[in-house]
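Engineer: Please build the complete structure, drawing on both the sequences and the hints.
Top line first, the protein sequences correspond to chains A and B.
Going by this note's numbering, the first residue of the first sequence is number 1, and it counts up by one from there.
Going by this note's numbering, the first residue of the second sequence is number 1, and it counts up by one from there.
Errors might be hidden in some of the hints.
[Said to hold, decoys possible] Derived DEER-like restraints, expressed as beta-carbon distance ranges:
| # | chain 1 | residue 1 | chain 2 | residue 2 | range |
| --- | --- | --- | --- | --- | --- |
| 1 | B | G538 | A | E11 | 57 to 63 Å |
| 2 | A | T37 | B | T171 | 22 to 28 Å |
| 3 | B | G644 | A | G49 | 53 to 59 Å |
[What the hints assert, rightly or not] Footprint (simulated), chain B over chain A, 3 or more residues, beta carbon under 8 Å:
| # | segment |
| --- | --- |
| 4 | 60 to 68 |
| 5 | 81 to 90 |
| 6 | 121 to 135 |
| 7 | 138 to 144 |
| 8 | 152 to 158 |
Because the hints were derived from the structure by calculation, they are not lab data.
Computed from a predicted model, the values in this text were never measured in an experiment.
Positions of the beta carbon are idealized from the N, C-alpha and C atoms, including for glycine.
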Amino acid sequence: MVTSHTDAFVESARRVDAVVTPTTADEFAATLEDAVTEPAVGTPLPFEGASYDGTPVDGAPTGAALAEAATGVTAGAAAIADYGSVVLQETGAGEELLGLYPDRHVVVVAASDVVPDMPAAFEELGERFAEGPRDAILATGPSATADMGAVVKGVHGPRDVHVLLLEDR
Amino acid sequence: MSDSRRQKAARIRSLIETEGDAVFENTTTFNDGRYESVQKLDDYEELKSRARAIKEDAIADLPDLVEQVRETVEGNGGTVYLAEDEADAQRYIAEVVADRDADSVVKSKSMTSEEIEINEHLESKGVDVWETDLGEFVLQVADEAPSHIVAPAIHRSRENIAELFNAHFETDAPLETAEDLTEFAREYLAEQIKDADVGMTGANFVTADTGTIALVTSEGNARKSVATTDTHVAVAGVEKIVPSLGDLQPFVELIGRSGTGQDITAYVSLLTPPVGTPVPDFEDDETPLAEVDDDRDYHLVLIDNGRMAMRDDDDLRETLYCIRCSACANSCANFQHVGGHAFGGETYSGGIATGWEAGVHGEDSAAEFNDLCTGCSRCVNQCPVEIDIPWINTVVRDRINRGADPDSFDFLVEGLTPDAEPAGLDVQKRFFGNFETAAKLGSATAPLSNWMMEAGPVRSALERFVGVDGRRDLPTFERETFREWFADRGARVDPADATREVVLYPDVYTNYVSTARGKAAVRALESLDVHVTVPGVGESGRAPLSQGMVSTASEKASRVYGALAEHIDAGRDVVVVEPSDLAMFAREYERLLPEQSHERLAERSYEVMEYLYGLLENGGDPAALANGSEAVAYHSHCQQRTLGLEAHTVAVLERLGHDVVTSDVECCGMAGSFGYKQEYYDLSMDVGDELAAQFTTDGTRDRTVVASGTSCLEQLDSLLQRVPTHPVELVAPR
Numbered sequence: 001m002v003t004s005h006t007d008a009f010v011e012s013a014r015r016v017d018a019v020v021t022p023t024t025a026d027e028f029a030a031t032l033e034d035a036v037t038e039p040a041v042g043t044p045l046p047f048e049g050a051s052y053d054g055t056p057v058d059g060a061p062t063g064a065a066l067a068e069a070a071t072g073v074t075a076g077a078a079a080i081a082d083y084g085s086v087v088l089q090e091t092g093a094g095e096e097l098l099g100l101y102p103d104r105h106v107v108v109v110a111a112s113d114v115v116p117d118m119p120a121a122f123e124e125l126g127e128r129f130a131e132g133p134r135d136a137i138l139a140t141g142p143s144a145t146a147d148m149g150a151v152v153k154g155v156h157g158p159r160d161v162h163v164l165l166l167e168d169r
Numbered sequence: 001m002s003d004s005r006r007q008k009a010a011r012i013r014s015l016i017e018t019e020g021d022a023v024f025e026n027t028t029t030f031n032d033g034r035y036e037s038v039q040k041l042d043d044y045e046e047l048k049s050r051a052r053a054i055k056e057d058a059i060a061d062l063p064d065l066v067e068q069v070r071e072t073v074e075g076n077g078g079t080v081y082l083a084e085d086e087a088d089a090q091r092y093i094a095e096v097v098a099d100r101d102a103d104s105v106v107k108s109k110s111m112t113s114e115e116i117e118i119n120e121h122l123e124s125k126g127v128d129v130w131e132t133d134l135g136e137f138v139l140q141v142a143d144e145a146p147s148h149i150v151a152p153a154i155h156r157s158r159e160n161i162a163e164l165f166n167a168h169f170e171t172d173a174p175l176e177t178a179e180d181l182t183e184f185a186r187e188y189l190a191e192q193i194k195d196a197d198v199g200m201t202g203a204n205f206v207t208a209d210t211g212t213i214a215l216v217t218s219e220g221n222a223r224k225s226v227a228t229t230d231t232h233v234a235v236a237g238v239e240k241i242v243p244s245l246g247d248l249q250p251f252v253e254l255i256g257r258s259g260t261g262q263d264i265t266a267y268v269s270l271l272t273p274p275v276g277t278p279v280p281d282f283e284d285d286e287t288p289l290a291e292v293d294d295d296r297d298y299h300l301v302l303i304d305n306g307r308m309a310m311r312d313d314d315d316l317r318e319t320l321y322c323i324r325c326s327a328c329a330n331s332c333a334n335f336q337h338v339g340g341h342a343f344g345g346e347t348y349s350g351g352i353a354t355g356w357e358a359g360v361h362g363e364d365s366a367a368e369f370n371d372l373c374t375g376c377s378r379c380v381n382q383c384p385v386e387i388d389i390p391w392i393n394t395v396v397r398d399r400i401n402r403g404a405d406p407d408s409f410d411f412l413v414e415g416l417t418p419d420a421e422p423a424g425l426d427v428q429k430r431f432f433g434n435f436e437t438a439a440k441l442g443s444a445t446a447p448l449s450n451w452m453m454e455a456g457p458v459r460s461a462l463e464r465f466v467g468v469d470g471r472r473d474l475p476t477f478e479r480e481t482f483r484e485w486f487a488d489r490g491a492r493v494d495p496a497d498a499t500r501e502v503v504l505y506p507d508v509y510t511n512y513v514s515t516a517r518g519k520a521a522v523r524a525l526e527s528l529d530v531h532v533t534v535p536g537v538g539e540s541g542r543a544p545l546s547q548g549m550v551s552t553a554s555e556k557a558s559r560v561y562g563a564l565a566e567h568i569d570a571g572r573d574v575v576v577v578e579p580s581d582l583a584m585f586a587r588e589y590e591r592l593l594p595e596q597s598h599e600r601l602a603e604r605s606y607e608v609m610e611y612l613y614g615l616l617e618n619g620g621d622p623a624a625l626a627n628g629s630e631a632v633a634y635h636s637h638c639q640q641r642t643l644g645l646e647a648h649t650v651a652v653l654e655r656l657g658h659d660v661v662t663s664d665v666e667c668c669g670m671a672g673s674f675g676y677k678q679e680y681y682d683l684s685m686d687v688g689d690e691l692a693a694q695f696t697t698d699g700t701r702d703r704t705v706v707a708s709g710t711s712c713l714e715q716l717d718s719l720l721q722r723v724p725t726h727p728v729e730l731v732a733p734r
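Structural biologist: Here it is, written out as structure tokens:
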């Protein structure tokens, strides 16, 4: 579901050096295939009609597969329009590892999960933390450092972040 | 005495030369970024006030919150240990590491872990400790202490780090670019993270309701250190606890902006350990990660180490609200030029470090750098939790003064010092703190006093015994004081015809040294039909306060208030020429006077150009003032800018036809007595050079230089070929 926040999110996410690709459930497999570099690993996607079927993504990776992966694909629980951030949540499937070790992180977010601002994000997080898993990352663009005398993208975390925005979810 | 001043001067000079450029470039980038980033927030002030209120409440409820955290974390399957002090924390963490049978620990950046010196302790037990934050890793390789609480290696340039790494590591090809260095460190540390059994992090915040820790990072090393190891030790000062997850929102919006000037850092981790992430085995090609059996261990080590005592200390308590963002360091002119290796104690650096060091390590550690805070107050509005950082520096300075050796030798200023301070107070502080007495005497005996002061033997004695740097020009006292001039001349606007009545506060400099600006203020006010009185009021207390002489400042504040109260009751406004004295009335008197007295004086006090602005806005005739079309370069005063009063001067000058450009340095470097002190002269000039550079560009070189503060005027006078003037002298009719 596209809202006024969606456009704002796309704009701010691009500003923080994330690549954002709007897509739909129907086009998802093709969009994902374009977004990943292989080998690619993924954790389960909770969006109806969007899965790894027909894509090169290994949906149940082992530790060894993760070590080899060039791309990790995970679902984003929410996105924050003001900041261009995605909310990554660990469900026990290893989302934290997949969003951290491979050079590229592809995050799949439903447009209906885009919230306008930080107060709304914390309201949402409050509800999530009350019910279920309580580990979340507000991730904004690729990992970065200025510690080596200039800004470098891609430090311990991913160098590239791609957000696939499911406009009909 | 003079030996220790000379040593301090040499140390500062050496740091300016070796680390100053890199520190300046980095801190000013953060500082500019902060101004830009907070401007994007519609509700910046409200966010700061909310953050402040959350911290105030949390510290008030701290014992209960500690218990709540214990219950929540234990309910989550973790352990909480409340460590009394450094040794207790070291012992506990070493036990955890030994129980895990771990021979290596990976760490993310944590100042609290620096405070408890855990690395050295674990290494002494034969455990390898790896700093995985790249800045900390550089320091580990170089065996150095952090120079900044957020960006610990800012004193090193890229070239410098490349040199260090190339000498220390064997690489295929020499490392050169920031990308090379990052890539190398990433690969190198990835191996350490994979091999480690224990991951140690700090915590920017701990929530009592969910047992969540918030980690504000950019590199991803904290995430990796937690996710990859099965034993997590989080070290946090007890003050990091906030009641609920929802309380984090204002902090998450403020911390990155206030620190490095980023709207938000790449990662804000909200982890509720033991985390639900499967522990990865990178060799395992059979078990899907989702099916890995979780077996994680979590220890939250809450550090007291003096914090509970700080909580009971009315002056140090505010320090506990600090979120360690570094805004006070980045916005500090002195810090920008010398960095945390000078402007820091055992662990912490920057403005707020005085509070931390006094609280956790004791006053001796704070005493090493406390004098580098000039009280310019530029950090005050930058602090996301609204801590009055200059006040903490002042109070600690007072405590250090009082702890000084009472037998030390101060015959030289005996008799010049009618203050309320203990014997043994540093002679230099006592001299500058009692400037009013010297000024009175100097004026009464001028011009003889001026010739005397400039005479070789007197200057060398002043330098040798008092620490007044011989390279500075001393103020020249006027024989006729501003008040005497006004008493002779009398008011020229009759109260019956006046639009307003004003008492013009004769601050010490205006009264004894720069009487011209006082006279100009009278002419300017009278030209707009204001009845002016110049009352017999003494020094505001600014001079002693800046030396940490709080009792003396308090006495002066009471006397000033006593002398002005009747005027205020008679409906007169108080107009002040010297911004640092206005700042006393507006800010510091809150600490020195009863609340009502402070409010009454603060509400009715105005900076002279602010007052002229108000008169013009309310129908005053600009033609009555001196109009002109000069090209002006204006340097406002640090404390004036903190009060939000720079714009009024600019507006008046522009309204009268002048073309104005302004400086944007945080401080001129002189900062009252600071630049006169022998040990700080070089730093003062280094800071001043930045201002001089801004006023000697193609666009500013030929402009008339105007400044509001006495010490700024003196600094500009020594930095530039042009003689600067106070703005009121430009606008007053002749």
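Engineer: Does each hint hold? Answer for all of them.
Structural biologist: Now the hints, each set against the structure:
1. G538(B) - E11(A): 57 to 63 Å: holds, 59 Å
2. T37(A) - T171(B): 22 to 28 Å: Since T37(A) and T171(B) have Cβ atoms about 27 Å apart, the given range 22 to 28 Å holds.
3. G644(B) - G49(A): 53 to 59 Å: holds, 56 Å
4. 60 to 68: n = 8 at 8 Å, threshold three: holds.
5. 81 to 90: holds (count 3)
6. 121 to 135: As far as the segment 121 to 135 of chain A goes, the hint holds, because 9 residues have Cβ atoms under 8 Å from chain B.
7. 138 to 144: With 7 residues closer than 8 Å to chain B, the segment 138 to 144 of chain A meets the three-residue bar; holds.
8. 152 to 158: holds (count 6)
Hint compliance for this structure: no hint is broken.
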